[in-house]
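Using the sequences and the hints, build the whole thing.
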Amino acid sequence: MAEVEFKGKKFVVDEDGFLEDFNTYTEEWVEFCMKEEGIDTLTEEHWNVINILQDYYKKNGIAPMVRVLSKLTGFKLKHIYELFPSGPGKGACKMAGLPKPTGCV
Amino acid sequence: MTQQTVKVKNSIVDDGIEAGLARLTPERIESVIQRVLNREAGARLKTYARTCVHCGLCSDACHHFVSMNRDPKLSPAGKVKRTIGVMMQKKGKVSTDFIREAAMVAYSECNLCKKCVLYCPFGIDVGYLMTLVRRICHLLGVVPRYMQDTAHSQSVHFNQMWINGDEWVDTLFWQEEEARDEVPDIRIPVDKEGADIFYSVIGPEPKFRAQLIYQAAVIFEAAGSDWTMPGSPGWDNSDLCMFSGDNEMMGRIKRAHFEAAAKLRVKKIVMGECGHAFRSVYDVGNRWLGFKMPPIPVIHAVDFYHDLVCNGKIRIAKKFAQPITLHDPCNIARGMGLYEKARELAHALCDTVVEMTPNREHNICCNAGGGIINCGPPFKDKRVEANSVKAKQLFDAKAMGAEVVIAPCHNCHGGLEDIIHHYGVEMELKFFGDIIYEVMEKPE
Chain A
1 MAEVEFKGKK FVVDEDGFLE DFNTYTEEWV EFCMKEEGID TLTEEHWNVI NILQDYYKKN
61 GIAPMVRVLS KLTGFKLKHI YELFPSGPGK GACKMAGLPK PTGCV
Chain B
1 MTQQTVKVKN SIVDDGIEAG LARLTPERIE SVIQRVLNRE AGARLKTYAR TCVHCGLCSD
61 ACHHFVSMNR DPKLSPAGKV KRTIGVMMQK KGKVSTDFIR EAAMVAYSEC NLCKKCVLYC
121 PFGIDVGYLM TLVRRICHLL GVVPRYMQDT AHSQSVHFNQ MWINGDEWVD TLFWQEEEAR
181 DEVPDIRIPV DKEGADIFYS VIGPEPKFRA QLIYQAAVIF EAAGSDWTMP GSPGWDNSDL
241 CMFSGDNEMM GRIKRAHFEA AAKLRVKKIV MGECGHAFRS VYDVGNRWLG FKMPPIPVIH
301 AVDFYHDLVC NGKIRIAKKF AQPITLHDPC NIARGMGLYE KARELAHALC DTVVEMTPNR
361 EHNICCNAGG GIINCGPPFK DKRVEANSVK AKQLFDAKAM GAEVVIAPCH NCHGGLEDII
421 HHYGVEMELK FFGDIIYEVM EKPE
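Chains as they are written, first to last, in full-length UniProt numbering: chain A, 1 to 105; chain B, 1 to 444.
It is possible that part of the hints are untrue.
Here are the simulated EDC-like pairs of lysine to aspartate or glutamate, each with C-alpha atoms no more than 16 Å apart in a straight line [claimed, not checked]:
hint	chain 1	residue 1	chain 2	residue 2
1	A	Lys78	B	Glu167
2	A	Lys78	B	Glu177
3	B	Lys382	A	Glu28
4	A	Lys76	B	Glu221
5	A	Lys78	B	Glu178
6	A	Lys78	B	Glu438
7	A	Lys76	B	Glu182
8	B	Lys382	A	Asp16
9	A	Lys78	B	Glu182
10	A	Lys71	B	Asp434
11	A	Lys78	B	Glu176
12	A	Lys76	B	Glu176
13	A	Lys71	B	Glu167
14	B	Lys382	A	Asp14
15	A	Lys76	B	Glu178
16	A	Lys76	B	Glu438
17	A	Lys76	B	Asp170
18	B	Lys382	B	Glu417
Quick caveat, the hints were computed from the structure, so don't treat them as lab data.
What follows is the structure, given as structure tokens:
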């Protein structure tokens, strides 16, 4: 567990760098993560994915399949990986403030 | 930059383990331990316990021991003594604090990689003994939360990532559609009765890494394979119940997998690049069900790709140029002896193959397998720090020119990625499927 301070905001993260508590998410969190995730500039497309992940998580309590992300954004799988180089499970979920998905990831 | 990270170093507290401990009574602990020691373990345990002479030859085989200042408590024999040894000696009369400690040892200080078995003069299987400790912990309800969540998913859906039946088939259709942009008319055949090959994967592939299914489809198409994937549960060959200690559920998951293949009357099962799934289908789960060998022939991806590439069933357009090194996953190297085939395959695909030292069945474990990575974030720092010896091995391979690590196992990927990141090794990770897809002559 670690505490991260960024632009005046404090975040508690787990050892994989995910937020300990989804409710502590703020937009600064995304900015904090982007460099480590290999993202130079945040675009509307990034926010689109992040918003969908959060909506789905609030309703279902887990991260959606990448298929759902593709269906709702219209992006091909390849494009989702271009947006989030470490992938939808580790990269995009982390930035959206979701907990680390369980399973072999 | 107004950025600051403060690491708080506490001893690991896992919600799942703590919740389980809170429910325990001394009577329950004693009866569960007695049941496992006397009725499930029997002669095998007694033989091992009486044979070990504490010679210490197993110690240097263990990456935990070597990475953590050669702490005798972390030697394989030491870990046995601290857990099942005490349980036997006290005949199950142990405290909840002891159970917490035993769970920590069994779930986070041994990967069940079985390297130490090779160095034991008597061949004592410490992996089996640690599995017994996990079995006791499972029956006591003391399992790390992340791992139990995954085991729950397998109990509910027969896959490890909470994937519903319709989502699975939808993902296959979707990847078929995307693959058609590249190879018109390509198919991912679902529920094709009488196909030669039943292709099974693990949950994370459809959940997040669907490109792996796409790539496999292109490889099958190029090889002209007659293959299929099942449309109903049984498609996920992985098994976290095997690692949590839930043997009953492990048996049901394996049965679902074999039955899905039998229902389609296929000739063989080909599995994706996963190590623990292979162990569960080829060694542990099938035997729990009473099959000495799998009831339907099971072929790991490395074996399958070796046949395709080395026997000219798919052609290589241009070999992979970056120098690679090969990580031998425990479950397919020590577990089945696929290390020579993996090397022949690597040489057939790549210009330069740099050997790690040690290698083949003596390779150093990724420290993610055996379910440790599945225990989730609370255990990550411990997992990475207890394997500095792997980082050194990778640095050495890098110094000899290797830029890419091929690891034909999902757990190894996760574990090595964390090690590469933590120690700043800066190497790229790939599956064999990634390389084949990149260098093969694509179907028209």
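Against the structure, the hints come out as follows:
{"no.": "1", "hint": "Lys78(A) - Glu167(B)", "verdict": "violated (19 Å)"}
{"no.": "2", "hint": "Lys78(A) - Glu177(B)", "verdict": "holds (13 Å)"}
{"no.": "3", "hint": "Lys382(B) - Glu28(A)", "verdict": "violated (29 Å)"}
{"no.": "4", "hint": "Lys76(A) - Glu221(B)", "verdict": "violated (21 Å)"}
{"no.": "5", "hint": "Lys78(A) - Glu178(B)", "verdict": "holds (10 Å)"}
{"no.": "6", "hint": "Lys78(A) - Glu438(B)", "verdict": "holds (15 Å)"}
{"no.": "7", "hint": "Lys76(A) - Glu182(B)", "verdict": "holds (13 Å)"}
{"no.": "8", "hint": "Lys382(B) - Asp16(A)", "verdict": "holds (12 Å)"}
{"no.": "9", "hint": "Lys78(A) - Glu182(B)", "verdict": "holds (13 Å)"}
{"no.": "10", "hint": "Lys71(A) - Asp434(B)", "verdict": "violated (25 Å)"}
{"no.": "11", "hint": "Lys78(A) - Glu176(B)", "verdict": "holds (14 Å)"}
{"no.": "12", "hint": "Lys76(A) - Glu176(B)", "verdict": "holds (12 Å)"}
{"no.": "13", "hint": "Lys71(A) - Glu167(B)", "verdict": "holds (12 Å)"}
{"no.": "14", "hint": "Lys382(B) - Asp14(A)", "verdict": "holds (13 Å)"}
{"no.": "15", "hint": "Lys76(A) - Glu178(B)", "verdict": "holds (8 Å)"}
{"no.": "16", "hint": "Lys76(A) - Glu438(B)", "verdict": "violated (19 Å)"}
{"no.": "17", "hint": "Lys76(A) - Asp170(B)", "verdict": "holds (14 Å)"}
{"no.": "18", "hint": "Lys382(B) - Glu417(B)", "verdict": "holds (15 Å)"}
In terms of the numbered hints stated before, the structure departs from hints 1, 3, 4, 10 and 16, listed from lowest to highest.
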